[in-house]
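Residue numbers (this note's numbering), protein chains in the order written: chain A, 1 to 323; chain B, 1 to 280.
Careful, some of the hints might be misleading.
[Claimed, not checked] One-sided and incomplete, this derived list gives chain B residues near chain A with beta-carbon spacing under 8 Å:
| # | residue |
| --- | --- |
| 1 | 4 |
| 2 | 5 |
| 3 | 18 |
| 4 | 42 |
| 5 | 107 |
| 6 | 109 |
| 7 | 114 |
| 8 | 115 |
| 9 | 123 |
| 10 | 262 |
| 11 | 265 |
[To be verified] Ranges of calculated distance between the beta carbons of each label pair, as one might list FRET restraints:
| # | chain 1 | residue 1 | chain 2 | residue 2 | range |
| --- | --- | --- | --- | --- | --- |
| 12 | A | 48 | B | 237 | 37 to 47 Å |
| 13 | A | 314 | B | 7 | 34 to 44 Å |
| 14 | B | 240 | A | 184 | 39 to 49 Å |
Since the hints were made in silico from the structure, they are not lab data. Ideal Cβ positions, reconstructed from N, Cα and C, are used throughout, including at glycine.
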Amino acid sequence: MSRTVTAPGEAPSRAPGAPAHRVRRPRRALLPYLLVLPALIAELAIHVIPMLVGAWMSLLHLTQFFIRNWTAAPYGGLTNYRVAVDTNGPVAKDLIHSFLITVAVTVLVVALSWMFGLAAAVFLEKPFRGRGVLRTLFLVPYALPVFTAVITWRFMFQRDNGMVNALLSDELHLAHGHPFWLLGGNSFVAIVVVNVWRLWPFAFLTLMAGLQSIPGDLYEAAAIDGAGFARRLRSVTLPLLRPVNRVLLLVLFLWTFNDFNTAYVLFEQPPADADMISIHIYNASFLTWNFGLGSAMSVLLLAFLLVVTLGYLGAGRLRSRHA
Amino acid sequence: MRESSAVRWARRVVLTLLTVFTVLPLYVMVVSSVKPLRDVQGAFHWIPTHVTVRPFVDMWHTVPLGRYFINSLVVSGCATVCSVIIAIFTGYAVSRYRFAGRGTFMTAVLSTQMFPGILFLLPLFLIFVNIDRYTGITLYGSRLGLIITYLTFALPFSIWLIAGYFDTIPRELDEAARVDGAGPMRTLFRVILPVAAPGVVAVAIYAFMTAWGEVLFASVLTDHATRTLAVGLREYSNQGQVYWNEVMAASLVISLPVVVGFLALQRFLVHGLTAGAVKS
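Same shape as in the complex, but just chain A (with noise of 0.2 Å):
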């Protein structure tokens, strides 16, 4: 953008092969569409054009031997989708297992991480020495880059020379010899950790900011009424919270659920009982090279996504119909 070439008022630009004085004054009408069309075409050939690929996809034995010409792949009908959901199969059996473990670690790492976030952000909203410092401290757990934050938990979790098992077996004798973390059933709790300590200052983050929207006056007059803190934390606090946490614990699960690069940094290859979804499709589709199973598995999850997006919105509207 030379905005020092181009005299000011003028715009550069946006739409490729219109003609110029229509651009240098575009009727009013016409100007918001211009504006939008960047991010319109963007979000067109990135997002909406590949996802309605991948829909076509999912229809088609895609496999190895079609990847540099897929439009000479065989036309399959339902076939993957067959495949993807015949309980009988092994194929339908592990996704049904890598998908029953990403809704108990969504389950849990939602409910932990908002409650981590809201007791700290009632906890730190008067002001005390030090509360600064805290606030900041919280936030750099989300600050980090998803890479580092996760590999330095992975050496945490390496059994011979991990701090894990150096703090709880060997000072805290909380644990016999020094168990496997990123092996076998331990790798569940190990996944839920990762997840609650890269999520949980998200959520209080959004609460903070929540809190202080709350004005002052209201809890003065609970504390008149003779209310107490867990009093005024559930009749004043958690009521007048409910906008936030509406999208806040949508965002939470929509956010863990789709998780790739936590399981993907913390294992390469998760353990079947750390097998987030999103990596279990990625290594259905480019560990066999079978894009069409893996196309199918998409929009099955996309599919499950949309209803429970759907179906919690509308609950809520409903509920504040009636409230």
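Place chain B on chain A using the hints.
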């Protein structure tokens, strides 16, 4: 309002536990980055046997970290600049004009945030491979492909934030500019942008963080020459030996700029976050 001692104790306990939970990994990262190699290969100790800065020197040779750094900087920088410029134009249109499809557009933009990345990774991979085949434009394995992809990742949230900031700027300023004979573009660049500058910088930081930390698309859409830090950091291991001290040193250097940037501008981000949350 006096608080009971039970509440005071609950606060101390909760905040202490959360602090320990938050700090432990940060401590491990910092302390391991100044440990000699045999310290990080043996049992974990809280205090290094001796402090060394060698990991910060060696990390550039074990892995071509410099090249990955430049790749990450170029990709994240370009994606940030593009997405902020696009978000400014879009935010201006959404904030200042009532046009048909405005609400649908904003909802559609935001709903792309819920798509699982894996859903459009496979088609995008195929589309890039086939664009190369038919037009000779290399997107797969190139920085350009990654830049285009990343700029759309930050875009939805950036548009919402910037439109929110523009909404807080009084329309009287626009009116005054119009009376002075300024067109819509001049008003945007000379009147609105200067006022919204802190918000725009916060959005830029957000966009940069998004691109800087992305792993999934980077691991599929890059090749040996264009690899970014997110992928390159995994290369500090060979034959079962991991240079954990260098991994931690590199992680520290990679993290520091974005953490500082984020913390410096967090209040502008918080403002935008709640504006968005309350609106929807």
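Status of each hint after checking the structure:
A distance limit of 8 Å between C-beta atoms decides the matter here; for residue 4(B) the minimum to chain A is near 7 Å, and the interface restraint holds. At its closest, the beta carbon of residue 5(B) sits 11 Å from a beta carbon of chain A; the interface hint therefore is violated under the 8 Å criterion. Of the supplied interface hints, the one on residue 18(B) holds, with its beta-carbon coming within about 6 Å of a beta-carbon of chain A, less than 8 Å. Proximity of residue 42(B) to chain A holds as hinted, the smallest CB-CB distance being about 6 Å (cut-off 8 Å).
Below 8 Å, beta-carbon pairs count as interface contacts, and residue 107(B) has none with chain A, the closest being about 11 Å; its hint is therefore violated. The interface hint given for residue 109(B) holds, since its Cβ lies 6 Å from the closest Cβ of chain A, which is under the 8 Å cut-off. At about 5 Å, the closest approach between the beta carbon of residue 114(B) and any beta carbon in chain A falls short of 8 Å, and the interface hint on this residue holds. The beta carbon of residue 115(B) comes within 7 Å of a beta carbon in chain A, closer than 8 Å, and the hint placing it at the interface holds.
Below 8 Å, beta-carbon pairs count as interface contacts, and residue 123(B) has one with chain A at about 4 Å; its hint therefore holds. Annotation: interface hint on residue 262(B) holds; nearest CB of chain A at approximately 4 Å, less than 8 Å. Annotation: residue 265(B) was flagged as interfacial toward chain A, and the flag is violated, the nearest CB pair being 10 Å apart, outside 8 Å. About 39 Å separates the C-beta atoms of residue 48(A) and residue 237(B), a value consistent with the hinted range of 37 to 47 Å.
Take residue 314(A) and residue 7(B): their Cβ atoms lie about 38 Å apart, and the range 34 to 44 Å holds. Range check, residue 240(B) to residue 184(A): Cβ separation about 19 Å, and the 39 to 49 Å hint is violated.
The structure is inconsistent with the numbered hints 2, 5, 11 and 14, although it conforms to all the rest.
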